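Engineer: Be aware that the sequence shown starts at 15, since it is given in the working numbering, and climbs by one per residue.
Some clues are possibly wrong.
[To be verified] Calculated lysine-lysine pairs in the DSSO-like style (CA-CA distance at most 30 Å, straight line): (1) Lys444 with Lys475; (2) Lys475 with Lys533; (3) Lys475 with Lys453; (4) Lys529 with Lys475; (5) Lys238 with Lys198; (6) Lys486 with Lys475; (7) Lys186 with Lys240; (8) Lys453 with Lys536; (9) Lys198 with Lys186; (10) Lys237 with Lys198; (11) Lys254 with Lys238; (12) Lys186 with Lys57; (13) Lys254 with Lys186; (14) Lys475 with Lys408; (15) Lys486 with Lys464; (16) Lys198 with Lys231; (17) Lys237 with Lys186; (18) Lys237 with Lys37; (19) Lys137 with Lys186; (20) Lys237 with Lys137; (21) Lys453 with Lys384; (22) Lys198 with Lys254.
No wet-lab data here; the hints were simulated from the structure.
As the structure is a computational prediction, the values presented were derived from the model and not from experiment.
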Amino acid sequence: MNEDRLDELKPVFLAFNGYDTFKDGVLITSPDLSILYCSPSFKTLFSLSNHDEFFNGDEMLRFFVDRDLQHEDILYVLNLVRSNPEWTGSHTIPVREGGSLLLYSTPFPEPDSGLMGRIWIFKHSSQASLPDNLLVQPDSLFRTIFDLIPEGIAISDLTTGRFYEVNEHFSKWWGFSREEVIGKTAIDLDFWVDINQRNDVIDRLRQYGYFHLIPVKMRGKDKKIKDILFSGRTITIDDKPYMISIPVDVTNLRQYEEKILSLASFIELNPNPVLEIDVFGNIIMNNEAAGSTLFNLTGNYDLSQYLPEQLDEILDAIDNEVEKSFVLEIAIQDRIFLEYVYVTNQSHTARIYLTDITDRKKIEIELLRKNEELGSAYEEIISTEEELRQNYDKLIEQERKLNENERKLRMIVDHIPGIVLTTDTTMRLKSIFGAGLEKIGLLPNEGIGKSIEEIIPHADKEMVHAHHLALKGMDSSIEAVYGDRNTLLYTSPIYDAQNTITGTIGIAIDITEQKTLEKERKNLLIQLEQNLIELAVLNDKIRNPLTVIATLVDMYAPDIEVPISQCIREIDDIISNLDKRWMESEKTINFLQKHYGIGNL
Numbered sequence: 015m016n017e018d019r020l021d022e023l024k025p026v027f028l029a030f031n032g033y034d035t036f037k038d039g040v041l042i043t044s045p046d047l048s049i050l051y052c053s054p055s056f057k058t059l060f061s062l063s064n065h066d067e068f069f070n071g072d073e074m075l076r077f078f079v080d081r082d083l084q085h086e087d088i089l090y091v092l093n094l095v096r097s098n099p100e101w102t103g104s105h106t107i108p109v110r111e112g113g114s115l116l117l118y119s120t121p122f123p124e125p126d127s128g129l130m131g132r133i134w135i136f137k138h139s140s141q142a143s144l145p146d147n148l149l150v151q152p153d154s155l156f157r158t159i160f161d162l163i164p165e166g167i168a169i170s171d172l173t174t175g176r177f178y179e180v181n182e183h184f185s186k187w188w189g190f191s192r193e194e195v196i197g198k199t200a201i202d203l204d205f206w207v208d209i210n211q212r213n214d215v216i217d218r219l220r221q222y223g224y225f226h227l228i229p230v231k232m233r234g235k236d237k238k239i240k241d242i243l244f245s246g247r248t249i250t251i252d253d254k255p256y257m258i259s260i261p262v263d264v265t266n267l268r269q270y271e272e273k274i275l276s277l278a279s280f281i282e283l284n285p286n287p288v289l290e291i292d293v294f295g296n297i298i299m300n301n302e303a304a305g306s307t308l309f310n311l312t313g314n315y316d317l318s319q320y321l322p323e324q325l326d327e328i329l330d331a332i333d334n335e336v337e338k339s340f341v342l343e344i345a346i347q348d349r350i351f352l353e354y355v356y357v358t359n360q361s362h363t364a365r366i367y368l369t370d371i372t373d374r375k376k377i378e379i380e381l382l383r384k385n386e387e388l389g390s391a392y393e394e395i396i397s398t399e400e401e402l403r404q405n406y407d408k409l410i411e412q413e414r415k416l417n418e419n420e421r422k423l424r425m426i427v428d429h430i431p432g433i434v435l436t437t438d439t440t441m442r443l444k445s446i447f448g449a450g451l452e453k454i455g456l457l458p459n460e461g462i463g464k465s466i467e468e469i470i471p472h473a474d475k476e477m478v479h480a481h482h483l484a485l486k487g488m489d490s491s492i493e494a495v496y497g498d499r500n501t502l503l504y505t506s507p508i509y510d511a512q513n514t515i516t517g518t519i520g521i522a523i524d525i526t527e528q529k530t531l532e533k534e535r536k537n538l539l540i541q542l543e544q545n546l547i548e549l550a551v552l553n554d555k556i557r558n559p560l561t562v563i564a565t566l567v568d569m570y571a572p573d574i575e576v577p578i579s580q581c582i583r584e585i586d587d588i589i590s591n592l593d594k595r596w597m598e599s600e601k602t603i604n605f606l607q608k609h610y611g612i613g614n615l
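Let's have the full structure, built from the sequences with the hints guiding it.
Structural biologist: Given below as structure tokens:
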């Protein structure tokens, strides 16, 4: 077999990884018995160093003779294999110094025809020679071989499809225990994802006696679907046909291949232009989008228009095998492209990825313009900030004065001998305060949200009517009576900034004492007027008798005229003074009546 063929076969055999961990010696040969691989246990079994090499079957025979093995037995086995390349069996090889080696061998079939090679398993044993038909003893040979091979191997009845035997690795592969599998079919256990694939491998087995590395999809107990390369061949046990099958799980490999294919298709499927240049600046690769985009813009396919004007630094990086990246902008017609240039020292090329950023550039320009406008607006804001601060300071001062005035006003209102109340448009109380509350048994702001009638029971109807008039925009001033108290009520509407009536305000002043004093003054004036009238009558009643007395004295008693006249004059003076006082009292009454209305009935 030539070396090229050996190089092709060696990775295939070694794909069945795990032989390095075998306790028994494993040897893999090509169809012409050239050695491809030997396990560490094999080298330990025959005291080999890691530097020992093998070339062909003759060298292998010489090797066994040199190790005190019966070369006739080795030659016998080699002749069996040469005469029947598909021979599968075992043989016991005596060792001169005592004991023996158990040798097991079986071929690897090719996918279409022929054989790829052969596996040899050596196990040291001190027992007597085993019979040549050991292969058909399932409790010995099958168990030994199956448990050695690190794949999930199974033997099934070719006629019924039922599992006959499985190795230890089968459970690790598929999750089923040996007891769950034996006697059942792959269909019973739902191994096959596509039953047509199962029919295909069975047809190949019946037609050729084997199948090799057929890609199928299978699932285990966990129902996870695996990608499998399936191999099998027919064997005979007790004159009955069986199938021995070996699956190779390539699920991870398939996923990796899909990722590789996806990455490989990324460039071609990329809707943006992608190019690759060599150390001389020549375009050695481009995707379809590069040509179509350029043709739509310019009407030609001159891809050199994508290349930046200054290539020297990029070409130097390619030439010096320096991994480097560049970000550039180029303009083609009225479009602007952003170029990401990646230089890799693995391929000694530079890959260029282009993205159309025309719209983004327009947005950037618009943003810059907006930013300038915002800058101007900011300056205007800064220029007016001081004015706003000053206005704010003024507002604070005005608020302080307003609070001060409100405090003073509240002090005044709280001492008004009356009540101040406000209502909303539904005549519900919003506030009530004043020194007069105490006289009607209320506290400040007691009963907020209630009607006037609820807060002041038996209120004068004129009082409520005055608030209704205020809601219509009319001011009013009336006198009202609540219990034994007299009040003077002023009502007016309350307006908001839009000159809309939002409620009413009423001020009720207690004038009970004033009304009492006024009544007393009227009574006194009436009494004074009556006294003046009586004084005038008395004056006449006194003057008239004095006149009579003076006349009678002059006529009948002149001797006493002097003292009597003196007495009459004194009485007359008293009456004149009384007249004077009477006149002054009358003027006072007229003045009070004229200017203050006191005494008017």
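Engineer: Can you give the numbers of the hints that this structure goes against, from lowest to highest?
Structural biologist: As far as the earlier hints go, 11, 14, 18, 20 and 21 are violated by this structure, in ascending order.
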